[in-house]
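Chains L and A supply the protein sequences, listed in that same order.
Be aware that the first sequence starts at 10, since it is given in this note's numbering, and climbs by one per residue.
Be aware that the second sequence starts at 10, since it is given in this note's numbering, and climbs by one per residue.
Calculated from the structure, these hints are not laboratory results.
A couple of the hints might just be wrong.
Note: identical chains are not told apart, hence a pair may lie in one copy or across any two.
Distance condition first, Cα-Cα at most 30 Å in a straight line; then the derived BS3-like pairs of lysine-lysine [what the hints assert, rightly or not]:
no. : residue 1 : residue 2
1   : K217      : K144
2   : K149      : K68
3   : K149      : K71
4   : K217      : K194
2 protein chains.
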Amino acid sequence: MRYELYYWPTIQGRGEYVRLALEEAGADYIDVARERGAASMMRMMETGDTPPFAPPFLKAGKLLIGQTANILLYLGARHALAPKAEAGRLWAHQLQLTVTDFVLEIHDTHHPLGPSLYYEDQISEAKKRTNEFWKDRVPKFLGYFEGLMEEGGGGFLTGRKLTYVDLSLFQIVDGLRYAFPQRMKAFERKIPKLCDLHGRVASRPRIKAYLASDRRIPFNEDGIFRHYKALDV
Amino acid sequence: MRYELYYWPTIQGRGEYVRLALEEAGADYIDVARERGAASMMRMMETGDTPPFAPPFLKAGKLLIGQTANILLYLGARHALAPKAEAGRLWAHQLQLTVTDFVLEIHDTHHPLGPSLYYEDQISEAKKRTNEFWKDRVPKFLGYFEGLMEEGGGGFLTGRKLTYVDLSLFQIVDGLRYAFPQRMKAFERKIPKLCDLHGRVASRPRIKAYLASDRRIPFNEDGIFRHYKALDV
Numbered sequence: 010m011r012y013e014l015y016y017w018p019t020i021q022g023r024g025e026y027v028r029l030a031l032e033e034a035g036a037d038y039i040d041v042a043r044e045r046g047a048a049s050m051m052r053m054m055e056t057g058d059t060p061p062f063a064p065p066f067l068k069a070g071k072l073l074i075g076q077t078a079n080i081l082l083y084l085g086a087r088h089a090l091a092p093k094a095e096a097g098r099l100w101a102h103q104l105q106l107t108v109t110d111f112v113l114e115i116h117d118t119h120h121p122l123g124p125s126l127y128y129e130d131q132i133s134e135a136k137k138r139t140n141e142f143w144k145d146r147v148p149k150f151l152g153y154f155e156g157l158m159e160e161g162g163g164g165f166l167t168g169r170k171l172t173y174v175d176l177s178l179f180q181i182v183d184g185l186r187y188a189f190p191q192r193m194k195a196f197e198r199k200i201p202k203l204c205d206l207h208g209r210v211a212s213r214p215r216i217k218a219y220l221a222s223d224r225r226i227p228f229n230e231d232g233i234f235r236h237y238k239a240l241d242v
Numbered sequence: 010m011r012y013e014l015y016y017w018p019t020i021q022g023r024g025e026y027v028r029l030a031l032e033e034a035g036a037d038y039i040d041v042a043r044e045r046g047a048a049s050m051m052r053m054m055e056t057g058d059t060p061p062f063a064p065p066f067l068k069a070g071k072l073l074i075g076q077t078a079n080i081l082l083y084l085g086a087r088h089a090l091a092p093k094a095e096a097g098r099l100w101a102h103q104l105q106l107t108v109t110d111f112v113l114e115i116h117d118t119h120h121p122l123g124p125s126l127y128y129e130d131q132i133s134e135a136k137k138r139t140n141e142f143w144k145d146r147v148p149k150f151l152g153y154f155e156g157l158m159e160e161g162g163g164g165f166l167t168g169r170k171l172t173y174v175d176l177s178l179f180q181i182v183d184g185l186r187y188a189f190p191q192r193m194k195a196f197e198r199k200i201p202k203l204c205d206l207h208g209r210v211a212s213r214p215r216i217k218a219y220l221a222s223d224r225r226i227p228f229n230e231d232g233i234f235r236h237y238k239a240l241d242v
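With these hints in hand, go ahead and build the complete structure from the sequences.
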């Protein structure tokens with residue numbers, strides 16, 4: 010079965026967590042809007058009995074699955090990217106939902122007044138929110154994941170096998186380095202295990218090939234992780 | 010099996026979506042922090058192999074399950090509060106994750122600069138964000154759910170049977186009425202089906218009994234839905 014991934018064609022965004030899972034799995038997929046344009050995605054959002062609220066969504070045979078963490082829940086079970094037993098499956102999903110919460114807070118650093126206004130209309134608020142974010146939220150979220158790496162000792166977040174959560178944490182570290190190079194450089198000594206994990210994921214053959222390919226869209230200032238000098242002080 | 014629900018004892022918050030599911034299911038549960046204090050919850054967060062990032066979390070036998078939508082995924086399968094087949098189960102979960110996104114945006118109306126500052130320190134930003142919220146986000150989110158109710162025609166969001174998503178949408182309507190009585194009053198004519206759903210859920214015997222009991226914590230200004238006159242104009 011060839012999967013159809015639907016996501017905005019010019020950004021990594023939330024779709025990137027799905028792309029990383031599909032790439033690591035070696036799955037056969039097409040990144041629809043990149044090949045056929047965003048209009049094909051918008052049409053798909055308005056058809057069928059289970060219309061998604063927003064991209065990304067995945068067509069898998071007859072299923073149309075929306076919400077990033079939900080897509081990963083589905084793919085994890087099919088491509089050995091999550092534990093099989095119920096307890097482990099729920100645990101990996103729980104961690105992914107915590108990543109989801111963090112991603113939304115990352116987005117809010119440049120959009121504290123909401124997604125419907127431009128960054129340029131909320132720069133001073135963005136500075137305040139970003140300061141709070143780095144003072145309280147980054148230590149809380151990344152400290153939590155670092156602690157789990159320390160406790161576990163298996164090299165991956167849930168043990169000795171890679172899951173989609175590890176791929177997502179790779180993306181978090183990668184994105185924070187892009188968006189906040191100075192702040193992140195100062196912070197990284199507090200999360201050595203997550204930095205190791207980032208390197209280990211990046212060097213996996215399929216991920217390495219993906220990152221070097223043009224399937225990996227470069228970071229830019231339309232995505233979740235945006236580099237604004239005013240926010241990286 | 011007696012479930013143990015762990016959540017802040019003085020607010021509805023994110024725990025309320027779980028409480029509503031447990032009540033509708035007629036499940037045997039104890040609301041631990043309300044009976045034994047919040048310290049018992051904090052201790053539980055620091056023990057075991059799968060420590061949750063934040064409340065709510067549910068102890069179900071040996072399982073400790075965190076993240077509201079993840080808990081509902083688990084309970085839905087066990088208490089007939091979600092479709093059994095994979096497609097329906099994923100669809101209900103996808104909708105719950107969209108509710109989750111909306112809940113975070115509701116929270117951000119009074120905390121646009123982040124959860125680590127007081128509301129009183131961000132009132133003018135909260136006014137701006139709340140205006141955007143009602144102009145763009147409420148119509149988008151509630152319009153989406155209203156559209157699904159229209160398309161489906163079964164009386165509940167995913168068809169003719171109640172799921173945990175219906176319980177959550179009851180809570181959304183109930184909370185918006187509490188937090189923004191004037192704004193919501195003007196908006197409700199656009200979501201007649203969701204208002205009907207709210208009434209239908211409220212009149213179910215177990216939910217009705219729950220809402221009349223002291224197990225239902227009143228809305229207040231420490232939770233997600235806060236009534237600030239400055240934001241309801």
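Results for each hint:
1. K217 to K144: This pair counts as neither: shortest intra-copy Cα distance 33 Å, inter-copy 44 Å.
2. K149 to K68: Answer is between: at 23 Å across copies they meet the 30 Å cutoff, but 35 Å inside does not.
3. K149 to K71: between (40 Å within a copy, 26 Å between copies)
4. K217 to K194: within (23 Å within a copy, 54 Å between copies)
Figure legend: structure checked against the earlier numbered hints; the only hint not met is number 1.
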